[in-house]
Amino acid sequence: MKNKILMGLAAIAMVAVLSSCGKTPQVEIDAASAAIEAAKTAEAAVYLPAEFAAVQDSLNAVMTEIAAQESKLFKKFGPAKAKLASVVTLANQVAANTATKKDEVKGEVANLMTSIKTVIEENGKLIPKLPRGKEGAAVIEQIKADVATVDAAVVEAQGLFDKGSYMDALNKINAANEKATALNTEVKEALTKARIKF
Amino acid sequence: MRLKKVWKKRILFAVILALIPLVIMLLVKLVPQPPKGEVEYARLVISQAASNNAAIYSKKLYGEAKALYDSAMVNWNKENRRFIYFRNYEKVSSFAELSAKKAEQATKVSKNNVTDLNILLKHKMDSLNKMVGQINKYFTAYPLSDEVRSRISKGKMLLKESEVAFKKGQFADSNKKITESELLLTDSYKIATTSLKEYFNSYPVWKNWVDKAIKESRKNMSYSIIIDKYSRKCLVYLGGVKKYEYHVELGKNWVGDKRVRGDKATPEGMYRITRKFGSNKTKYHKALLINYPNETDKEEFNKEIAKGTLPRSAKIGSLIEIHGDGGRGIDWTEGCVALTNSEMDVVYKIASEGTPVTIVGSTVNLNQLLD
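So the sequences go chain by chain: A and B. Here the first sequence stands for residues 1 to 198, numbered as in the numbering used here. Here the second sequence stands for residues 199 to 569, numbered as in the numbering used here.
Same shape as in the complex, but just chain B (with noise of 0.2 Å):
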């Protein structure tokens, strides 16, 4: 009986160590399982977005995926704290889900981000750099106020700062300058045009001029000067054909038709040539003296006393010549008209008394100009 009860004993020992390690894997089989995978795999996709740039190119989607893998971390530390068997990975698992698809998303956006910008940026470049091109050709030498001179030398720096930026792949950066250089050059480019555009609202006037003068000069097989002040050409006609074209230099404030004496500009208007000067007798090596003001130049500069629009000490400009000492490459006369010594040679040769001069803002119209 007693035998009997000792191998019962033993028996059941031997059961139950059998059913340890069964009952260990059993609890071990029981433990909820975090979902390890999707978290890794959120944080792979996450990287990617990263190396992509989506940090700058998608910050939005980029900021999201990584609050939302944060997000998961938290959860699963969480749920890591609670009894093992109470665990449950669900929240964690969404949010990994969430933060991968929205990392997937930051990817696919950074990418056609980049691109899109990488296209706009080079647009933009080109178009700016062509309207640089623009405000040098036509008004490196135009009066431009100080404002609108400082607002162009900054938005050509800010232009080259952009092209620095994207040459180095910081597109981002590159965008920011390029705005405020479009900004600066566009408005600038603006207000010079429109200047351009109300000076050249004279433009009727002036080709009825030079019409005039170039019919006058068929007719009489003589000589007639015409001075483009925009295009800054002499051009001298016989019998209606242009027979010579130089270059001319004029004043600073060349702009517009002379008003007032020191004003630096240079009139426009029908003159005629009343004095020639040699070598001996002007400082600028030779000169021809024009017959400004003329009575439509006096009417004018009275009309204004009488207004108003010019002070009653004002005084009436003169001794607007065409003369040498030119090819300075800006304008510098106090509103006469230099060519280079060899040009004025010619000039002084072909030209008497009485010949005409017919100065205009320009023997174009804006449109062909800016064609």
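With the rest of the complex left out, here is chain A (with noise of 0.2 Å):
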């Protein structure tokens, strides 16, 4: 009877030795989940969302491997382990990536703040020009008025660039400078039409 304890004991004892022999690599967990995190801070999801969606979805896969482990009897975290060292890897190539994407657009931004107030400083020298007549007209009103609104999204853009969203401001940048250029063509057609040099 003794001995039938001291086996059943011993069987118990090896199961619960057994089943605690992995532990949860929770150190591994946290430093890729703080890489997301840097990665996140960096706009990795404004300026590569679909890279950061991957890494996203390759910390959830393995935590998914993770919560199958800690499941069974015998666990083993040895492969969790190498998924999660390399979802830190991954999650920094994406934010140093998305740095120099930041870096492309802020760059492409600035370029074309350049360029379109070149072309409303010129626009702003042929405007003059336009045959005012004696009071000027509906004309000259409309291209003022479209002139302003130019002069807003490029505020509005300056704005955005100067708050650090490149992104936002490529848009309004981009639109604006579309709208100059064809306001300066306007501008030079009608001048054209008047006979007046520019």
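If you are wondering where the hints come from, they were derived from the structure by calculation, not from laboratory data. It cannot be assumed that every hint is accurate.
[Claimed, not checked] Chain B is nowhere near these chain A residues, computed Cβ spacing over 10 Å in every case:
#1 Gln26
#2 Ala31
#3 Phe77
#4 Gly78
#5 Lys83
#6 Thr100
#7 Lys101
#8 Lys117
#9 Val119
#10 Gly124
#11 Lys125
#12 Phe198
[As the list claims (entries may be wrong)] Taking lysine to any residue pairs in the SDA-like style, the calculated list, with each CA pair at most 20 Å apart, reads:
#13 A:Lys83 - B:Gly235
#14 A:Lys188 - B:Lys335
#15 A:Lys72 - B:Arg285
Positions of the beta carbon are idealized from the N, C-alpha and C atoms, including for glycine.
Make one complex out of these two single chains by using the hints.
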């Protein structure tokens, strides 16, 4: 009887020992989560949404794997640890790529800002040359209204740029640039028609 | 006896040893299995939904799918903390299954929404660009308030921003911009067309004047000049047949009849040339003075003074001419009609004192014009 009890206890102890051999890789999970958070802070979701989604999904996959291991009697976290390390590498890569992409967009916005300022400056010089007659005309009023809208869009784009919202600034400045260029063409055509040198 | 006892112990030990793996196998077998497959599938479907932009175009369903997936994971981890044989993964399984269903729906809805939005945006861009074309065609030179002009400009800019976003595949952003643009442009277009319609209420009177002028020209085999203010045309008739057609420039405030001196409006009515000024008598190359104000204009002016719609200090306009120096591409006169110098030379040559000059808002009705 005594032996039977001893054997039973030994079996339970063995199960307990075996079931607690693997320990949740919390440090690695935290490191992966922190790397993803860093990529998020770097605005990876804005500049590289597909890559960011992929790295997030990789972490979700590993977390499923870890939960599956934790459900087992005999746990094995080695492969999950390796995958978590890959997630960290991938997230760091995405963060670095985001920084590069952000710089590219920032540069593009800055270039467009410079070029639009040149066009606006030229428009500013050309518009007063338009034949104003005795009191101006509806056409000039519309051109003036369009110029004011372009100016407002540039100010708005500059505000977004200063705030670091380069992607939003890019869309705004692109549209403003197209409009300013169209106005420039319109004004030049009007001046040519009125036989005014510019 | 003692030997027998030893053998008995050995056999028992051997049996126990043989039973251990069986017990372990049994213990392993009895561990409840988590729904790893279901959770994994839900994750994959959510990932697919994300790559189909469900977070933007099927926000609610995608959000629900993610929340259900999170619930599945939370419950799974919760069950994992319980004693191994007491674990129950039913809730995990149910959450994962629901999550996958929602994610599948989110993908489907997102795809449909993207397709629909794409079509809708193209249609809206097309119709708003047409509207901008109409505005440019009919209202660029039409006197509108600064506020309406500003709204038109903002509407055009937002339309441009919407097109930029559309080209980048940012349909939600494009839709937001086009909705704002549509509001501004539609509203402005409505105000402008209402004003134009009101102006064209006088069309039956204009038509009557034009018909009379052409009839007189036919009857007398004489020249008759008709000025169409809206289409900025100077039509010269001889014997009831149009002989010349020239572009004209008017006063800034050309819509409506001239009411008072300095209102920059070109009068509307049936007039006659009263004097001809050669190049040495006018600063505008050559000029033809008309009999504005005629009796009808004076009557209208006095009525307005009496009604108080014009101040007592107001003075009636005068010195309205058809003159040269035109071709500037804008409306710039004080209310006169300007032609290019070469065209003025032709009109000056055929005109004489008494030649009828009929000035109307339009020679065609609004429907014909907008068509």
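> Okay, which hints does this one fail, numbers in order?
Replying inline: Every hint satisfied by this model.
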